[in-house]
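Colleague: Chain residues, written in single-letter form:
Number of protein chains: 4
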Amino acid sequence: MQQFQIRTDLALEATESVRKKDASHMRGITIEEYDAMEDVHISKVVILTKNAAKNMGKPMGTYITLEAPDLQESDEEYHREISEELAKQLKSVLPGIEEEKSILIVGLGNRDVTADALGPFTVDNLFVTRHIIREYGKQAYHATKMHQISALVPGVMAKTGMETAEIIKGVIKETVPDIVIVIDALAARNTKRLNRTVQITDTGIHPGSGVGNHRNAITKESLGIPVIAIGIPMVVDAGTIVSDALEKLAQEYAGGKASLDYFRNSADTQLHNMYVTAKNIDETTKRLSFTLSEAINIALDME
Amino acid sequence: MQQFQIRTDLALEATESVRKKDASHMRGITIEEYDAMEDVHISKVVILTKNAAKNMGKPMGTYITLEAPDLQESDEEYHREISEELAKQLKSVLPGIEEEKSILIVGLGNRDVTADALGPFTVDNLFVTRHIIREYGKQAYHATKMHQISALVPGVMAKTGMETAEIIKGVIKETVPDIVIVIDALAARNTKRLNRTVQITDTGIHPGSGVGNHRNAITKESLGIPVIAIGIPMVVDAGTIVSDALEKLAQEYAGGKASLDYFRNSADTQLHNMYVTAKNIDETTKRLSFTLSEAINIALDME
Amino acid sequence: MQQFQIRTDLALEATESVRKKDASHMRGITIEEYDAMEDVHISKVVILTKNAAKNMGKPMGTYITLEAPDLQESDEEYHREISEELAKQLKSVLPGIEEEKSILIVGLGNRDVTADALGPFTVDNLFVTRHIIREYGKQAYHATKMHQISALVPGVMAKTGMETAEIIKGVIKETVPDIVIVIDALAARNTKRLNRTVQITDTGIHPGSGVGNHRNAITKESLGIPVIAIGIPMVVDAGTIVSDALEKLAQEYAGGKASLDYFRNSADTQLHNMYVTAKNIDETTKRLSFTLSEAINIALDME
Amino acid sequence: MQQFQIRTDLALEATESVRKKDASHMRGITIEEYDAMEDVHISKVVILTKNAAKNMGKPMGTYITLEAPDLQESDEEYHREISEELAKQLKSVLPGIEEEKSILIVGLGNRDVTADALGPFTVDNLFVTRHIIREYGKQAYHATKMHQISALVPGVMAKTGMETAEIIKGVIKETVPDIVIVIDALAARNTKRLNRTVQITDTGIHPGSGVGNHRNAITKESLGIPVIAIGIPMVVDAGTIVSDALEKLAQEYAGGKASLDYFRNSADTQLHNMYVTAKNIDETTKRLSFTLSEAINIALDME
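Residue numbers (the working numbering), protein chains in the order written: chain Y, 4 to 306; chain V, 4 to 306; chain X, 4 to 306; chain G, 4 to 306.
Heads up, some of the hints might be wrong.
Copies of one chain are not kept apart here, so a pair can be met inside one copy or by any two copies together.
The list that follows gives simulated cross-link-like pairs (lysine-lysine, PhoX-like), each with its CA atoms no further than 25 Å apart [claimed, not checked]:
(1) 104 - 223
(2) 162 - 289
(3) 162 - 94
(4) 162 - 141
(5) 176 - 223
(6) 47 - 223
(7) 148 - 162
(8) 162 - 176
(9) 104 - 162
(10) 282 - 195
(11) 47 - 57
Read the hints as simulated data drawn from the structure, not as lab findings. Computed from a predicted structure; not experimentally measured.
Pulled out of the complex, with its shape left as it was, chain Y reads as follows (with noise of 0.2 Å):
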């Protein structure tokens, strides 16, 4: 495992990779699949143990993803059923929301780049009550029950010159909110996710993670609170279709190993800081931030 590292975001895309190489690594890991509709396929992966997660590379907790081929098209109706699965999805992992609670989300990524602006759009759209509640009360909605939203896009560590952890870290301490969700572009290992998959989880987000490669961990240990993570997978990084193709190989040619790895390594090097993104990548960044951020909304009930 060490040799053909799996680059990917989706606890989905490693659990499948563990899998093909060795069945007793899935140990300690629990999967349950279903059709939330037609053609929408939930799996629900559970890491339970420390061992568990060293095999899979991904640290222990719950990973909801919700897989749907039309995710790429423009139908309005089909995205609003999406968003009402993801809402209900998300619901199951927030921590105690039937009561009221202070929710901070955060649009992490770079909103001037394409590929890696899906959690500022998201944040864009969402409706935020935190400033109205403590102005004017909750009656200021006519409502009983009412969360106090927040929303933040901290930017990224080369325009701002700080972690985004350490920003989100300080607006934590100042505002107190009782829960975390951060919103990202992830990195998928398939062309066939790109766009198609959204991964909900309560690990946070990890070194290393997303798009643009946010460094620092936004994780509970890190803030001291619950930090769900929703993510969609916008690229592939270049060389990993190369290195794909030619592993597919491999297997049909036990002889040509060496070679193999010679030309994987020489697809990597030409290949560093390319990706592989659908060709309307500008188009779906919008539509999709915009089936997250009603996500969100519905399942804090602010809709």
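We have chain Y; now place chains V, X and G onto it with these hints.
Modeller: Frame of chain Y; chains V, X and G shown alone:
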């Protein structure tokens, strides 16, 4: 003075207004003026006493104003010269920067509202160094002296649910800078100052200032470290220009006073939520934000 | 009437202005008014004679105005109803569309200037069909009747070096549509009409109209095919609101006339190249352009 | 050659590919190469015969390629030097510009799709003169010689319902320029050419070229006046990089040929509608479009 409330963020306009009404109110205020270059006028207003602050409706401190009628033009070389002059003025109010400092630069306002985007756009072009110096040392820049520059675009309360001041406070607690510089779009009283005047002050930002009306104080008192504010008037309240025209008239027709007040009030009501801007404000905001970011980069030796 | 030149693109405002000065000038003009729904007022002004056109300062033809005070609000359902009402009104002036037509829709204005971007933004959301029908036939849409819709954003003369009318003429010669619909941001005289009024006319666009002041005529006479123009006031000339306040005053103080003219002129000079807009113009332009594109899509059965 | 179809808009890549397979196919082609400055390589490929055009899969004409590995860097001075070298090369293919000409510059592509926005963004920074010269004469510029420059961003067929070529033809008929320059984002075969290579050709644009696949010819034959095309590779087809890796492999494992074809096809299917781009493509597109607009401004003495 109560009756004719001064709707301006510019100390210079407040000075003019006060002087016109009662020259005796100018006690406790020093004004120094000179031409920095052809058609570039510098005014330095210092409010020295609490009484003077009360008369002016502005806190005690130093207000440097650069007036340049051609600031709206697109001449690159001219803007470069303005940036250098602004850098000089900025250095004069930045405490202790002959030594290495950690400086947080904050772009206030809403990047999606043209008239309010000056701050965010300025921050987009800054040269940040904090993350590099912390990871590799200042030798990464082959420099013996190097400030640690960080930058933040906090967003506006209607989008974040948090006071801008809360976000800045949190980030300061976590990253501990020595100085904060805030950039904001201002409101002027007189259209002739629109996009042609830059104000630099060591008094920070006060409630009710700026286009976006950021309510909480962002000052040395509230944040615990020096706050330098840089602003350019991007709008005039629509009601103001009618008031001004009517006031001029009142000086000629003493008898018409009551009637004038009636018209002023009716203008105010109808022009609520309207403002006057230059026709080319989209282009102007881009150009002026670049001029400001250059000025800051030069002042902090980041060029 | 020469002295108080009417700076408005709205026939309705011209009517009001003329009526106020000399009711006899209303000969040759019919006005029909009714409420289409609650708080949505429709006015239909028809200028029937050359003499009436001269008195009004507007060409002969039909001007439909929809006034809706809540058009600035962000209620989606309300905007949908407005789109449907606009579609109905638009159909009433589109000649012969009970049969299949080829229709070119042109978004006038500059997409980089918020107040002038209504046309380009509207065109961004249109449903175009011409290329599909020409390649695959209307069966591609499973339809028995289908207009051929094409769309153009010609840009502004300062950026293209060409009159907008030249570009449209050329495209019409090459693609031979039956009808042209042009969308443009208008200038109103009264701030209460800003962003709340839609004008539909079969007279096209005339020199000096609109925010961007597109100089050449875009009319049936100049293009050889019917031209329907749709516009929404996005700005008021800053000089106008001062003039208006002064004019009201003049009605009370007959003696002050000369002095008022002096002030009006001085206001005009100083407010040259300034305009009054709503504070939320960036958001409003996006929303209203979407409402217009929906109206056009509905009117042309493209929904 | 049929089997390994060359997916590239660069004549230089076609040359390399042809040369590798059968050097005899290089008859009828002249290639001239030199270094214009350090690390800036110029290649001039001239396809002289119909037979050579057939072998190359490119029309007869001149193809100048500038290769600069540092073109991705943000060094302003370097980009200025590149602009000057490009201006020199551009002048060498612009017919008769020692005399005053009327020149239409067209930015092909979709400004809302980052990888396809090079053309529109380049046109945004051009210096246009036609409208001024026609109204005030060239004395408006205090010049004795002055080209009439006009510029157009026609948009893409999916948004306009019209072939790009139709729009250009119409505008040419109406405004009668002497020469057309078109700018387009290209597709390369090799990632090492991405954002580092500029191609200038007098053969215009041919069906199937470019990122956005503008189908109709934009050539001297179709438009009746000389067409100079300028392009920079912004994407590589994702399928291509897998094909290339596999092809290299095939040269070592002659026996594996059939299997390789299988993998290539499966890669093609899955990677359909995907492309490979540099990670910083948003920033790169802005910078390169500025470098191109400077080059054109210099070549046409508009600086």
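Colleague: Now tell me, hint by hint, if it's right for this structure.
Modeller: Status of each hint after checking the structure:
Taking the shortest alpha-carbon separations for residue 104 and residue 223, only the intra-copy value of 16 Å comes in at or below 25 Å, while the best inter-copy value is 33 Å. Taking the shortest Cα distances, residue 162 and residue 289 sit within 25 Å of each other both inside one copy (22 Å) and across copies (17 Å). When the C-alpha separation of residue 162 and residue 94 is checked against a cutoff of 25 Å, the pair qualifies only between copies, where the shortest distance is 23 Å, while the shortest distance within a copy is 33 Å. In the homo-oligomer, the alpha carbons of residue 162 and residue 141 lie at most 25 Å apart only across protomers (18 Å), although the nearest pairing inside one protomer, at 37 Å, exceeds that limit.
For the identical chains of this complex, residue 176 and residue 223 are neighbours both inside a copy (14 Å) and across copies (20 Å), given an alpha-carbon limit of 25 Å. In this homomeric assembly, residue 47 and residue 223 come within 25 Å of each other (Cα to Cα) only inside a single copy, at 20 Å, whereas the closest approach across copies is 50 Å. Proximity of residue 148 to residue 162 under the C-alpha cut-off of 25 Å is restricted to the inter-copy arrangement: shortest distance 21 Å between copies versus 39 Å within a copy. Taking the closest pair of Cα atoms, residue 162 and residue 176 come within 25 Å of each other both inside a single copy (23 Å) and across two copies (20 Å).
Only between protomers do residue 104 and residue 162 lie at most 25 Å apart by alpha-carbon distance; the minimum there is 19 Å, versus 32 Å within a single protomer. Taking the shortest Cα distances, residue 282 and residue 195 sit within 25 Å of each other both inside one copy (14 Å) and across copies (20 Å). Proximity of residue 47 to residue 57 under the C-alpha cut-off of 25 Å is restricted to the intra-copy arrangement: shortest distance 18 Å within a copy versus 56 Å between copies.
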